[in-house]
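S.K.: Chain residues, written in single-letter form:
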Amino acid sequence: DAGVIQSPRHEVTEMGQEVTLRCKPISGHNSLFWYRQTMMRGLELLIYFNNNVPIDDSGMPEDRFSAKMPNASFSTLKIQPSEPRDSAVYFCASSLRYGNSEAFFGQGTRLTVV
Amino acid sequence: AQSVTQPDIHITVSEGASLELRCNYSYGATPYLFWYVQSPGQGLQLLLKYFSGDTLVQGIKGFEAEFKRSQSSFNLRKPSVHWSEAAEYFCAVGNSGGYQKVTFGTGTKLQVIP
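Protein sequences appear in the order of chains L and Z. When the first sequence is numbered by the working numbering, its final residue is 341 and no position is left out of the sequence of numbers. When the second sequence is numbered by the working numbering, its final residue is 192 and no position is left out of the sequence of numbers.
Hints in this document: simulated from the structure, not taken from any laboratory. Fair warning: this is a prediction, and the values are worked out from it, not measured in the lab. We put the beta carbon where it would ideally sit given N, CA and C, even for glycine. Take these hints with a grain of salt, some might be off.
[Said to hold, decoys possible] The calculated SDA-like cross-link candidates involving lysine to any residue, where the alpha carbons are at most 25 Å apart (straight line), are:
hint, chain 1, residue 1, chain 2, residue 2
1, Z, K146, Z, E98
2, Z, K179, L, A315
3, Z, K139, L, G230
4, Z, K187, L, E271
5, L, K305, Z, K127
6, L, K251, Z, T181
7, Z, K179, L, S328
8, Z, K139, Z, S96
9, Z, K127, Z, T108
10, L, K295, L, R337
11, L, K305, L, P235
12, Z, K179, L, E329
13, Z, K139, Z, V91
14, L, K305, Z, K179
15, Z, K179, L, S314
16, Z, K127, L, G286
17, Z, K179, L, A299
18, L, K251, Z, L124
19, Z, K127, L, N257
20, Z, K127, L, Q264
[Unchecked claim] Sample of chain Z residues at the chain L side, in silico, Cβ under 10 Å:
hint, residue
21, G183
22, G185
23, Q189
The whole structure should be built from the sequences, with the hints applied where relevant.
M.R.: Take a look at the structure:
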């Protein structure tokens, strides 16, 4: 398996623009996580899906952020409108099952909002 | 709420020296514990995990960690460090009930001097 695939790897956008980050989890995994990593706040869980259903979105910082998982092989994280303080590395991770299994991380999307 | 503290932000060791990275957690029940490593520009890779059983856990690349309930600790150790292991190391705690919400520590950046 190719692992968790995220696109794009790098994104530079202007403030106010819409940004969409994409994630393809490992085939057969039914849990998917979106994390944000910054120097100031470290690694933060934004939202968690189980069987394509959002279970916990308490980490989503504002209404400008939204995430979807239309099927088991694809998820998006959208920021609209984007702001400079959204600049961070966004990671997607997936795990095999609900419960005690490790999360496999993608290589991340480095977002810069200017 | 669960939490993780990694008291050392940055550690420098000489190549071939032993390593111990500290991790303290807060969780009401028996936790699930993880150590991940992040190389520059990469996602996180699992080194080892503890769910139950033997409190000394062996992981990949010669790493081990010991779960000490009385001290709420899960320190990572390696007898001899290689220069290629310079990276950032994250301790994480997952809740053992319900879905697995994993909380990460702020990380310890390891520098290895040749």
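S.K.: Does each hint hold? Answer for all of them.
M.R.: Here is what the structure says about each hint:
1. At most 25 Å may separate the alpha-carbon atoms for a hinted pair to count; K146/Z and E98/Z meet this at roughly 14 Å.
2. For the hint pairing K179/Z with A315/L, the CA-to-CA distance comes to about 21 Å; that is within 25 Å, so the pair holds.
3. For the given pair, K139/Z sits about 20 Å from G230/L by alpha-carbon distance, which is consistent with the 25 Å threshold.
4. Using a Cα cut-off of 25 Å, the hinted pair K187/Z and E271/L holds, with the two alpha carbons roughly 18 Å apart.
5. Between K305/L and K127/Z the CA atoms are separated by roughly 32 Å; this puts the pair beyond 25 Å, and the hint is violated.
6. Of the supplied pair hints, the one linking K251/L and T181/Z holds, its CA atoms being roughly 22 Å apart against a limit of 25 Å.
7. Between K179/Z and S328/L, the direct Cα distance comes to roughly 11 Å. Compliance with the 25 Å bound is thereby established for this hinted pair.
8. For the proposed pair K139/Z and S96/Z, the alpha carbon gap of about 14 Å is at most 25 Å, so the pair holds.
9. For the hint pairing K127/Z with T108/Z, the CA-to-CA distance comes to about 13 Å; that is within 25 Å, so the pair holds.
10. Distance check on the hinted pair: K295/L and R337/L sit about 20 Å apart at the alpha-carbon level, within 25 Å; holds.
11. Simply put, K305/L and P235/L have alpha-carbon atoms about 13 Å apart, close enough for the 25 Å limit, and the pair holds.
12. Between the alpha carbons of K179/Z and E329/L the distance comes to roughly 11 Å, so the proposed pair stays at or under 25 Å and holds.
13. Pair hint K139/Z plus V91/Z holds up; C-alpha atoms about 17 Å apart against a cutoff of 25 Å.
14. Of the pairs offered as hints, the one joining K305/L and K179/Z holds, with about 22 Å between alpha carbons and a cut-off of 25 Å not exceeded.
15. Straight-line distance between C-alpha atoms of K179/Z and S314/L comes to about 24 Å, which keeps the hinted pair within the 25 Å bound.
16. Only pairs whose Cα atoms come within 25 Å are accepted, and K127/Z paired with G286/L is accepted, the gap being roughly 24 Å.
17. For the hint linking K179/Z to A299/L, the alpha-carbon distance of about 19 Å falls within 25 Å, and the restraint holds.
18. The hinted pair formed by K251/L and L124/Z meets the criterion: a straight-line CA distance of about 19 Å does not exceed 25 Å.
19. Under the criterion of a C-alpha separation no larger than 25 Å, the hint pairing K127/Z with N257/L is consistent with the structure, at around 20 Å.
20. Simply put, K127/Z and Q264/L have alpha-carbon atoms about 21 Å apart, close enough for the 25 Å limit, and the pair holds.
21. With its C-beta approaching chain L no nearer than about 7 Å, G183/Z sits inside the 10 Å limit, and its interface hint holds.
22. A least Cβ separation of about 6 Å between G185/Z and chain L falls short of the 10 Å threshold, and the interface hint therefore holds.
23. Evaluation of the Q189/Z hint against chain L yields a violated restraint, the C-beta minimum of about 17 Å exceeding 10 Å.
When the structure is compared with the earlier hints, violations turn up for hints 5 and 23 and for no others.
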